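Trainee: Quick mapping for you: the protein sequence lines, in order, are chains A and B.
In terms of the working numbering, the first sequence opens at residue 1 and continues consecutively.
In terms of the working numbering, the second sequence opens at residue 1001 and continues consecutively.
Bear in mind the hints are in silico, worked out from the structure with no lab data behind them.
These figures come from a predicted structure and were not determined experimentally.
Think of the CB as a built atom: it goes at the ideal place given N, C-alpha and C, for glycine as much as any other residue.
Any given hint could be a false lead.
Stated by the list, open to error - Computed far set for chain B versus chain A, every beta-carbon distance over 10 Å:
hint : residue
1    : A1039
2    : D1196
3    : W1600
4    : Q1629
5    : Y1636
6    : V1644
Unchecked claim - A few chain A residues that don't get close to chain B, going by computed Cβ distances all over 10 Å:
hint : residue
7    : L17
8    : G98
9    : E101
10   : K155
11   : P197
12   : V208
13   : D225
14   : A357
15   : W362
16   : P439
Unchecked claim - Just some of the chain B residues that point at chain A, by a computed CB distance under 8 Å:
hint : residue
17   : G1130
18   : L1301
19   : A1302
20   : F1303
21   : I1307
22   : H1388
23   : L1594
24   : G1616
25   : T1618
26   : E1619
27   : A1621
28   : G1622
29   : R1623
30   : R1626
31   : M1627
32   : L1649
Residues per chain, in single letters:
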Amino acid sequence: MNYSLLTVEILTALLGLGVLLLDLWIPATSRKLLGIIAATGLGVLLVYAIGSAAPGDGTAFGGMFVVDALSGYAKGFFLVAGLIVLLLSIDSADTIHGYAEYCALILFALTGMLFAASANDFVLMFVALELITVTFYILVSFQRNRLSSLEAGVKYLILGALASGFMVFGIALIFGSANTTNFYEISTAQTALIKSPVFLTGILLTLVGLGFKIAAFPFQIWAPDVYQGAPALTTSFLATGSKAAGFVLLARVAFEAVPELTAARGHLFLGIGSITILYGSLCAIPQRSVKRLMGYSSIANAGYLLLGFGAASLAGGSAVLAYLGGYIFTVLAAFIGIQVVVSHQESDDISAFAGLARRSPWMAASLTVGLVSLAGIPPLAGFFGKLMILKAVAVQVGTSPMVILSLLVAVLGVVVGLYYYLGVLRSVYWPRSVSDLSPIPVSGTTKLALIFAVLGTVLIGVLPETTYQGARQAVAGLATPKSPATPASPPSATTQAAK
Amino acid sequence: MELVVTNAIASAGPAYSSRPEDIGWFILALPLFASLAIALFLHRNRTLTLFFSVGGVVTAFFLSWVLFFTFGVTGLKAVPSPFPWFHAGGLHVNLGLAVDSLSSVMLLVVTGVSALVQFYSTAYMKDDRGFARFFASLSFFTFSMLGIVLSDNLVMTFIFWELVGFSSYLLIGFWYDREAAADAAKKAFLTNRLGDFGFLLGIILVWSLTGTVQFDELAAKLKSDPHSLGVWSSVAGLLIFCGAMGKSAQFPLHVWLPDAMEGPTPVSALIHAATMVAAGVYLLCRTYFIFQTTTAWPAALAFLGSISALDIIAVIGGGTALLAALIAIQQNDIKRILAYSTLSQLGYMVMAVGVGGPDAAMYHLTTHAGFKALLFLGAGSVIHACHHEQDIWKMGGLARKLPVTFRTFVIGTAALAGFPLLTSGFYSKDAILVAAVRHGHPILFGLGVLIASMTTFYMVRLVLVAFFGRSRTSSAEHAHESPIQMTWPLVVLAVPSIGLAWLPLGDYLTEHFFGAQAAGEAGGLFGPFNHAPLAATFGTGAIIFGAWASIATYWNAESDPLPRSLAFWSRVSRNRFYFDEIYEALFIPIQDGLAAVCEWLDRWVLSGVLVRGVHGTTELAGRALRMVQTGNLQTYTFLFVGGVALIILIAL
Chain A
1 MNYSLLTVEI
11 LTALLGLGVL
21 LLDLWIPATS
31 RKLLGIIAAT
41 GLGVLLVYAI
51 GSAAPGDGTA
61 FGGMFVVDAL
71 SGYAKGFFLV
81 AGLIVLLLSI
91 DSADTIHGYA
101 EYCALILFAL
111 TGMLFAASAN
121 DFVLMFVALE
131 LITVTFYILV
141 SFQRNRLSSL
151 EAGVKYLILG
161 ALASGFMVFG
171 IALIFGSANT
181 TNFYEISTAQ
191 TALIKSPVFL
201 TGILLTLVGL
211 GFKIAAFPFQ
221 IWAPDVYQGA
231 PALTTSFLAT
241 GSKAAGFVLL
251 ARVAFEAVPE
261 LTAARGHLFL
271 GIGSITILYG
281 SLCAIPQRSV
291 KRLMGYSSIA
301 NAGYLLLGFG
311 AASLAGGSAV
321 LAYLGGYIFT
331 VLAAFIGIQV
341 VVSHQESDDI
351 SAFAGLARRS
361 PWMAASLTVG
371 LVSLAGIPPL
381 AGFFGKLMIL
391 KAVAVQVGTS
401 PMVILSLLVA
411 VLGVVVGLYY
421 YLGVLRSVYW
431 PRSVSDLSPI
441 PVSGTTKLAL
451 IFAVLGTVLI
461 GVLPETTYQG
471 ARQAVAGLAT
481 PKSPATPASP
491 PSATTQAAK
Chain B
1001 MELVVTNAIA
1011 SAGPAYSSRP
1021 EDIGWFILAL
1031 PLFASLAIAL
1041 FLHRNRTLTL
1051 FFSVGGVVTA
1061 FFLSWVLFFT
1071 FGVTGLKAVP
1081 SPFPWFHAGG
1091 LHVNLGLAVD
1101 SLSSVMLLVV
1111 TGVSALVQFY
1121 STAYMKDDRG
1131 FARFFASLSF
1141 FTFSMLGIVL
1151 SDNLVMTFIF
1161 WELVGFSSYL
1171 LIGFWYDREA
1181 AADAAKKAFL
1191 TNRLGDFGFL
1201 LGIILVWSLT
1211 GTVQFDELAA
1221 KLKSDPHSLG
1231 VWSSVAGLLI
1241 FCGAMGKSAQ
1251 FPLHVWLPDA
1261 MEGPTPVSAL
1271 IHAATMVAAG
1281 VYLLCRTYFI
1291 FQTTTAWPAA
1301 LAFLGSISAL
1311 DIIAVIGGGT
1321 ALLAALIAIQ
1331 QNDIKRILAY
1341 STLSQLGYMV
1351 MAVGVGGPDA
1361 AMYHLTTHAG
1371 FKALLFLGAG
1381 SVIHACHHEQ
1391 DIWKMGGLAR
1401 KLPVTFRTFV
1411 IGTAALAGFP
1421 LLTSGFYSKD
1431 AILVAAVRHG
1441 HPILFGLGVL
1451 IASMTTFYMV
1461 RLVLVAFFGR
1471 SRTSSAEHAH
1481 ESPIQMTWPL
1491 VVLAVPSIGL
1501 AWLPLGDYLT
1511 EHFFGAQAAG
1521 EAGGLFGPFN
1531 HAPLAATFGT
1541 GAIIFGAWAS
1551 IATYWNAESD
1561 PLPRSLAFWS
1571 RVSRNRFYFD
1581 EIYEALFIPI
1591 QDGLAAVCEW
1601 LDRWVLSGVL
1611 VRGVHGTTEL
1621 AGRALRMVQT
1631 GNLQTYTFLF
1641 VGGVALIILI
1651 AL
């Protein structure tokens, strides 16, 4: 088997283990070093992953694990997200109890995301998702001394377990009806399979599990509570990496395993997407807690991404991936501002952001870029993503009344979004009353993270072509058949890997 | 065959010097960079602010000379190498520079005056709180203006056109805490927008008829097929002229310019003498080929018959020139006199374009930029010396107290009046008069002579009242010469006001840009008297008459005798022909009425029903949905499972 295909995954996992080990030797007074080592290692990995971006497609584990355009595209963004979060965590090295574990868990979650990007089989998909989710159970409740963090962790755990349960059941039904769990093998037989209600139920239950990860209606209910309760750092990774992993897997299932079903039931995505947008946008309006607001924003954005699936076309899929790429930078840009304010003020109420523009222009700029991009104002990444998605949906006008309806909802969502995103910015720049105008110090590592995030948001918005082409190739690559690299691979190896 | 090969090598040239026109990008970028650097980072540091701002424009000035010698002197036209900016439908917009003799002359004017004004401002604005803001705005203005000069297509021109409007808004309203300045800035911006609207329509019209906005492509197209604009050719020209009317303050959009004197005096020198107001004339010259198409009117305007767009432009220009000169005679504010004189001279230039002499217009634009900037900066020096007194009747006797200012001011005045043989103004004004005679416009020629006479009259009046006689107030009594940073730009600017300096320019422009044969007509210092004695003689006569009349009236005058002798005319002139009042009476009730309707719609329909209604509904929905989010895990689980059931129910 070709282990070189797994280089990035293996190295990321090893990096996590290495950080855990190093903790034994590094004195408690210089814990920051751990974060710096982890971030540097990840930075090197990122450069390596981008440098070796085109090793050629290939599969491992008997077709379970695939390296293709989509996996390459997604892994780049996952690594960037992990890098920015680690950079951001260095500031909190002394306040987080068990910082080495925190870094290691981030790296393990990242490993899960990297596997998810390459999953070509429902079983590997499940395993990768569980790796992500289980690490996040811990990451969410990492502030064990804070009740809200624990509560969030428990909620995430129980609802996550529920979602996983549905998913496993769904995979069992799929295996029962299709006799395989490999995406490619399913796709070759999909025309017959999608007529079977058992298979259909299986797919739907799998989508329930993914719907939970991406916080789509009606499985969005956990998001606001968990986003608010979890430490801001965890939330930022949850909102980017974890969510994006769900979407990448959804893209695999929808466009690789059962594209015919996606095309036939596109309006289901449109419907769910529209309701998700409405729910997220409307609930965000009365929010005062910025972290909770970001939770609802995350729901609303999941809705937009689902609309892209609803378009069920190459354009729609590319738009989803392009949106996702910009979204990761955008949300991180916003969260850098939030994280710094929250850790400084120990509050995430909008009033804690009052006068931020004067207290820390850096953070205000970061938050502004993030929120303005989320609101979908040109020339930032968020605008471009929404534009591409709406464009992909709009060309389908006439196929179903659902299209027009979802477009209307999308526009409404943008308008409402302006209201609540800019509400935060109003407090940042034009506070009603300011009690404290002392400057907030910002460390070099945070500035570095900020520069990455802001630069990404701006660049993807101004020069969207590169991202869009990457996304387009990634989706187009899904349509090409991916047979297992060595069809004659010994079955024992396959079963071993599956275990 | 061999010949072709040689040609190819020759035109390719050595790699390092293959594209000297790319210097244009640097010229454009320098002031922008300075402005951004100051606005974003350096606004607390005066030294660095000055270094970047002045350094940027001075470097741009020297680079402009390089371009002038590479393209201007030789008459070469840089091969345009635009790179595509965006394509939307049939609209292809490129970013590219037009580097040729026209733009390289204009570059020198803009960067030269801008550099001197910035030097001057270092002293003039020394104690101002908004020091850095001032220089950032000046640099940004310079950038926008250079953009107009260098643009090689209409869309790019329009963008920089708007940026000039915007940056002039910043500069006129620089002292925004003064109500008059804030109002003037608003007025200038809105009046300009009115003209810009026409300009935009013109661009759209030209584009829709020819499919291009690129100057060179457009010119080639109109040359190969003069009828490609069809019946709209004259309308297109006039619409583009609308833009020029706004920026160059032509009647009836002239009202903003005098008010714009509320800005700091260096701004008046830069914007309202040399650059922004010249942009309109420059645009007319740049797009002159559009006006050369055959006259045609759509059916609704058929009654205009054979009257061409240029005829209308000439009449508007001449009318503006006359009107402004009449008003200038009875103004008492030193800057307002100069403002109306600027209006009048701009009218002159526009008239020159209209009578078929864009080369004469550009010639006058260039010389005028020099001496009018000199006069404004001189006025600034006077105002500075007299503790911000602007009324000339409260000055007097300044000649001895401000020797440098006085001497340079007199040189500027002589140039503006067009003193024969010695001053640049004489030659450029003569070129306009010649153009009027040549192209058969005897009435406009007469008008030009009359205006020349009036110009001399009010300028001599200004000099006599402000600099001669006795000091009429204590501030004039105790006036002191301004610091060296303010006086030496005056001296520098006095040089190009001398006749010889610009003598070759007229022929140069005629030959290189407008492709006509000048055939050395100007012929040296006495040229005007040799080749067109009529124009030169009348011009000289007009000056002598104007000067005589003015000296007879104002020599040692303690107050203005005209209001007594010419009561009615004086009052009309003093009140600027009541334009502001007429506009107020005409437009304000209409606008108030419209505003009331809009306000009602906005308050009750948009804000009330739509915004508040939608806001209320969504807010209510948001609060209602919040009920779902109980925080109770059991409820969540129930909803989750219910959701699964629902999805399966719907999907199966």
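Trainee: Run through the hints listed earlier and report the numbers of any the structure violates, in increasing order.
Mentor: 4, 5, 6, 10, 11, 12, 13, 17, 18, 19, 20, 21, 22, 23, 24, 31, 32
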